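J.: Same order as they appear, the protein sequences are chains A and B.
Each step along the first sequence adds one to the number in full-length UniProt numbering, with nothing skipped, and position 77 is 77.
Each step along the second sequence adds one to the number in full-length UniProt numbering, with nothing skipped, and position 115 is 115.
What the hints contain is simulated information worked out from the structure, not anything from laboratory work.
Just to be clear, a hint being listed does not mean it is correct.
Stated by the list, open to error - Here are the simulated DSSO-like cross-link-like pairs (lysine-lysine), alpha carbons at most 27 Å apart as the crow flies:
| hint | chain 1 | residue 1 | chain 2 | residue 2 |
| --- | --- | --- | --- | --- |
| 1 | B | Lys-79 | A | Lys-34 |
| 2 | B | Lys-88 | A | Lys-81 |
| 3 | B | Lys-125 | A | Lys-2 |
| 4 | B | Lys-17 | A | Lys-74 |
| 5 | A | Lys-102 | B | Lys-43 |
| 6 | B | Lys-43 | B | Lys-79 |
| 7 | A | Lys-81 | B | Lys-114 |
| 8 | B | Lys-79 | A | Lys-102 |
| 9 | B | Lys-114 | A | Lys-53 |
| 10 | A | Lys-34 | B | Lys-57 |
| 11 | A | Lys-40 | A | Lys-74 |
| 12 | A | Lys-74 | A | Lys-53 |
| 13 | A | Lys-76 | B | Lys-88 |
| 14 | A | Lys-2 | B | Lys-79 |
| 15 | A | Lys-81 | B | Lys-17 |
| 16 | B | Lys-125 | A | Lys-18 |
| 17 | A | Lys-76 | B | Lys-79 |
| 18 | A | Lys-76 | B | Lys-17 |
| 19 | A | Lys-53 | B | Lys-17 |
| 20 | A | Lys-81 | B | Lys-20 |
| 21 | B | Lys-43 | A | Lys-81 |
| 22 | B | Lys-114 | A | Lys-18 |
| 23 | A | Lys-2 | B | Lys-114 |
| 24 | B | Lys-88 | A | Lys-74 |
| 25 | A | Lys-34 | A | Lys-74 |
| 26 | B | Lys-79 | A | Lys-74 |
| 27 | A | Lys-34 | B | Lys-125 |
| 28 | B | Lys-114 | A | Lys-74 |
| 29 | A | Lys-34 | A | Lys-18 |
| 30 | B | Lys-114 | A | Lys-76 |
| 31 | B | Lys-43 | A | Lys-76 |
Since this is a predicted model, take the numbers as computed values, not measurements.
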Amino acid sequence: MKTVITSSGENNLAQFDKRFGRAAWFCVFDEETKETIFIKNTNTNSSNGAGTKAAEQIVSMNVQKVISGDFGPKAKDLLDKFNVQMVIIQDNDVTVQGIIEKLTT
Amino acid sequence: MSRPKTLRKVVAPPNFKGYKPYGTHAGTRDSVELLYEEYEAIKLADYDLMNHLEASKLMGISRPTFARIYETARRKIAKAFVEAIEIKTVYGDALLDKHWYVCDDCQTRFTIPKTIEEHQCPLCKSEQIELLNT
Ligand SMILES: [Zn+2]
């Protein structure tokens, strides 16, 4: 089971990024191996459709869960269609590591 | 342990986008729009053969509301058959956000796709969750 957490930086100590389509990085956390990999969001500079492109990228990575701060309507529809669970955290002041700890306890 | 009342089953969307008649000379001039909850009402009553009370409980609505949705659904399907027009399924407005849940313990909001069995918060694992916008 893989989870994507939107991240502002390239490591576990980075702040959680509440933006979905324009998050700097996607942290992919594997619940079985407990490993994380960081994938650069290549859509941050698109003038429109960043959310949709991010959703497509996530679907193609075969992820079952996405943790972010907000999802646009198109991203929601797409993730919903591919049975990706969407999780919205309103907490600004949390690190990627902090979220992973909650997931694994 | 009994589940809180708010943990009702979420309406499952249909596995199709629509139905089209064939062998008809009329062009595709018109269509009926079947809402997800109308599809679900037909499914529960006429496919799963539940009575209206059981079905309304499963959908988390009152029995009169269920009866109204069911009646609308049947009329739409009858219209499509008789007039040989397409049936399109669309999200009901009320349902669009209906499958968003909120965790009472950590306030996380989340969806539960049909591939997930557990009705619990994905973050803190609490079972005290509620459907939003019901
Ligand atoms: Zn929770």
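J.: Confirm or reject each hint.
T.: Taking the hints in turn, this is what the structure says about them:
Restraint check for Lys-79 of chain B and Lys-34 of chain A: not satisfied, since their Cα atoms lie roughly 55 Å apart, outside the 27 Å limit. Proximity of Lys-88 of chain B to Lys-81 of chain A is assessed by CA-CA distance (about 17 Å); at most 27 Å being required, the pair is judged to hold. Distance hint between Lys-125 of chain B and Lys-2 of chain A is fulfilled; the C-alpha atoms sit about 17 Å from each other, no more than 27 Å. This hinted pair checks out: Lys-17 of chain B and Lys-74 of chain A have alpha carbons roughly 17 Å apart, not beyond 27 Å.
As the CA atoms of Lys-102 of chain A and Lys-43 of chain B are separated by approximately 39 Å, the hinted pair breaks the 27 Å bound. Between Lys-43 of chain B and Lys-79 of chain B the alpha-carbon distance is near 18 Å, which keeps this suggested pair within the 27 Å criterion. Restraint check for Lys-81 of chain A and Lys-114 of chain B: satisfied, since their Cα atoms lie roughly 10 Å apart, inside the 27 Å limit. For the hint linking Lys-79 of chain B to Lys-102 of chain A, the alpha-carbon distance of about 52 Å lies beyond 27 Å, and the restraint is violated.
Annotation: proposed proximity of Lys-114 of chain B to Lys-53 of chain A holds, straight-line Cα distance about 23 Å (limit 27 Å). Distance check on the hinted pair: Lys-34 of chain A and Lys-57 of chain B sit about 40 Å apart at the alpha-carbon level, beyond 27 Å; violated. Annotation: proposed proximity of Lys-40 of chain A to Lys-74 of chain A holds, straight-line Cα distance about 21 Å (limit 27 Å). Pair hint Lys-74 of chain A plus Lys-53 of chain A holds up; C-alpha atoms about 10 Å apart against a cutoff of 27 Å.
The straight-line distance between the Cα atoms of Lys-76 of chain A and Lys-88 of chain B is roughly 21 Å, inside the 27 Å bound, and the hint therefore holds. For the hint linking Lys-2 of chain A to Lys-79 of chain B, the alpha-carbon distance of about 45 Å lies beyond 27 Å, and the restraint is violated. Between the alpha carbons of Lys-81 of chain A and Lys-17 of chain B the distance comes to roughly 12 Å, so the proposed pair stays at or under 27 Å and holds. For the hint pairing Lys-125 of chain B with Lys-18 of chain A, the CA-to-CA distance comes to about 21 Å; that is within 27 Å, so the pair holds.
Proximity of Lys-76 of chain A to Lys-79 of chain B is assessed by CA-CA distance (about 32 Å); at most 27 Å being required, the pair is judged violated. Pair hint Lys-76 of chain A plus Lys-17 of chain B holds up; C-alpha atoms about 18 Å apart against a cutoff of 27 Å. Taking the CA atoms of Lys-53 of chain A and Lys-17 of chain B, the gap is near 23 Å; set against the 27 Å cutoff, the hint holds. Between Lys-81 of chain A and Lys-20 of chain B the CA atoms are separated by roughly 22 Å; this keeps the pair inside 27 Å, and the hint holds.
Using a Cα cut-off of 27 Å, the hinted pair Lys-43 of chain B and Lys-81 of chain A holds, with the two alpha carbons roughly 20 Å apart. Of the supplied pair hints, the one linking Lys-114 of chain B and Lys-18 of chain A holds, its CA atoms being roughly 25 Å apart against a limit of 27 Å. Of the pairs offered as hints, the one joining Lys-2 of chain A and Lys-114 of chain B holds, with about 17 Å between alpha carbons and a cut-off of 27 Å not exceeded. Our distance criterion of 27 Å between C-alpha atoms is met by Lys-88 of chain B and Lys-74 of chain A, whose separation comes to about 20 Å.
Simply put, Lys-34 of chain A and Lys-74 of chain A have alpha-carbon atoms about 30 Å apart, too far for the 27 Å limit, and the pair is violated. A distance of roughly 31 Å separates the Cα atoms of Lys-79 of chain B and Lys-74 of chain A; the hinted pair therefore is violated under the 27 Å criterion. Restraint check for Lys-34 of chain A and Lys-125 of chain B: satisfied, since their Cα atoms lie roughly 18 Å apart, inside the 27 Å limit. Distance check on the hinted pair: Lys-114 of chain B and Lys-74 of chain A sit about 19 Å apart at the alpha-carbon level, within 27 Å; holds.
Proposed proximity of Lys-34 of chain A and Lys-18 of chain A is supported: the alpha carbons are some 22 Å apart, at most 27 Å. Under the criterion of a C-alpha separation no larger than 27 Å, the hint pairing Lys-114 of chain B with Lys-76 of chain A is consistent with the structure, at around 15 Å. Of the pairs offered as hints, the one joining Lys-43 of chain B and Lys-76 of chain A holds, with about 25 Å between alpha carbons and a cut-off of 27 Å not exceeded.
Taken one by one, the earlier hints fail for this structure at numbers 1, 5, 8, 10, 14, 17, 25, 26, listed in ascending order.
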